[in-house]
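J.: The opening residue of the sequence shown carries number 749 in this note's numbering; numbering runs sequentially from there.
Everything labelled a hint here was simulated from the structure, so no lab data went into it.
Glycine included, each C-beta is placed from N, C-alpha and C at the ideal position.
Label pairs and their calculated CB-CB ranges:
#1 Ser789 <-> Val977: 29 to 37 Å
#2 Arg861 <-> Gly999: 40 to 48 Å
#3 Val903 <-> Phe969: 28 to 36 Å
#4 Ser1072 <-> Arg967: 32 to 40 Å
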Amino acid sequence: MDDRAVPQELTPRRRVARLAAAVAVTAGLGVLIVLAVPFASVAAALDRLDPVWLAPLLAAYALGFVARAGRFRALGVELSLPVLVGVSGIHQFLNRVLPLRTGELAFPVLVRRLSGAPFVQGLALVVLCRLLDLVFVVVSFLAALLAVPAARAAVGTTGTVLIAALLPVLLAAYLFLPPLAGFAARRLAVRLAVRRPGWSERLTRAAGVLDEVRRVSRRAFAGAAVWTVLQWVPTAVACWCAVAALGVALGPAEVVVGSTLAVLASVVPLPGVGSFGTLEAGWTAGFVLVGVPAGAAVASALVLSGATFVAAGVLAVVAWAAFSRRRSPAPGAR
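Let the sequences and hints guide you as you build the complete structure.
T.: Encoded structure:
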C-alpha cells in the first residue's frame, strides 16, 4: 500500500447525490425531534437562557482543542502545539458538516501537507484517537449510569449487574481490537479479491491502517490516554454550562450520562450533515433519562450545538487562512 495515497475524488454526480441524501437524513431527524418534543416547550426553555454561561462554555470548549493538539503531539505528530490546535479546529469543523464522518480525513490530509507525514500514518492516529475516545466515553457513560439512582431504577438490578460486568470487558476488548480487526480485514480481503476487488482493496488499506495503530509505542499510547481524559473533562464542563444556562441544576453524574449518550449517538455513521440531528437526538434522550424535561433537553442541545459550531467555524477559518500561507514540505519529509 502506498503510504502517500490519498482518497480518490468523487464524481460530481455522486457528490450531489451524497449531499442530497445527507440533507434529507438530517431534515428527517429534525422532523422526528420536532414531532417528539413540542416546539412551545423548547421555546419556553430558550426564553430562560442566561447568556453569562456562554463565556465559560466556549472557554471550556476551546481547552478541548488544546488537549486534542496535545494528544496528537504525544502520538508523535511533528507540528507545534498552536499549529495542531488549528488542525484540530479544521478537523472538528469538517466533522460537524460532512456526512458519514468523512471529515476525519481532514486530519491526515492536513498533517501530510504541513509536515510531510504519510497519509496512512495520519489516518492511523485518527483511528487510535477515536478508539480512545469511544472507550473513554462508553466507560464514563456506564459508570455514571450506575451513579444515577433514577437510571439504576430504570435498568433494574439485572441491568445494573450487566453494566458493571461490561466495564472491564470493554477495556480488555480495546486492547485486542486493532490486531483482531486487522486479521479479519485481511482474511475477508482475500475472499473478496475475485468477486469484489474494490471492497478487497478497501479492506487491505484498512488492515494497513490498523497495522500502523499497533506500531504506536506504549509510552505514546499512555500519553495519548492522559490527554484523552484532559480533553473530555472540559468537554463535560461545556455540556454542564449548556444545561446550567437554562436554569437546570444537575450533578456531575447526570451531566456525564446525558453528554456521553449524545456523543455515542453522534458517532453513528448515518449519511446526514455531520453530527446535526444525531447529536441533538442523543443529547435529548440522555438528559431526559436523568430527569430533565424534554423541552429543556432539546433547548440545551441547541445552545451547545450552536455555540460550539460557530466557535469551531471561526477557528477553522483562522487556521485555514494561516495554513494557506505556509509552504508544503516535500513528500516524505519529517
